[in-house]
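For the sequence shown, the numbering used here assigns the number 30 to the initial residue and increments by one for each residue that follows.
If you are wondering where the hints come from, they were derived from the structure by calculation, not from laboratory data. Each hint can be trusted.
Taking lysine to any residue pairs in the SDA-like style, the calculated list, with each CA pair at most 20 angstroms apart, reads: (1) LYS94 / GLU44; (2) LYS94 / THR83; (3) LYS32 / ASP108.
Ranges of calculated distance between the beta carbons of each label pair, as one might list FRET restraints: (4) HIS71 / HIS126: 20 to 26 angstroms; (5) THR104 / VAL128: 15 to 21 angstroms; (6) GLY93 / LYS124: 16 to 22 angstroms; (7) ARG132 / ASN51: 35 to 41 angstroms.
No experiment lies behind these values; they were computed from the predicted model shown. Built from N, CA and C at the ideal position, the CB exists for glycine as well.
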Amino acid sequence: MNKNTALLIIDVQEEMFSDTLNPLYKSDELLIKVNSLIEKAHTSKIPVIYIQHTENDEEPMGKGKQGWEIHHQVTPGKDDIVILKYTPDSFHNTKLHEVLSVRNVNKIVIAGL
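Based on the provided sequences and hints, a complete structural model is requested.
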């Protein structure tokens, strides 16, 4: 990863891992790979940006609910950025474009769901 790169961690939230009837495919491997990317980004001083899906308060991924929380195995570090999104699009009505522009990011590595 070079200096104009950012790592996006998209929708790695508790709710996504909680469905025992329809479990994520190889979820443990996913978390290991995401953590490996986060570690590499931190070592390279590459920004790590978490995209956190947010639903209405009544929904399992409503802000502040257990399912809304970023997965406990990939908790953001103190210098990481968390951006809330309210649609399936990480750029639509979020500050993601602004965050990337300010940091002169022209390459992104995407991980998550």
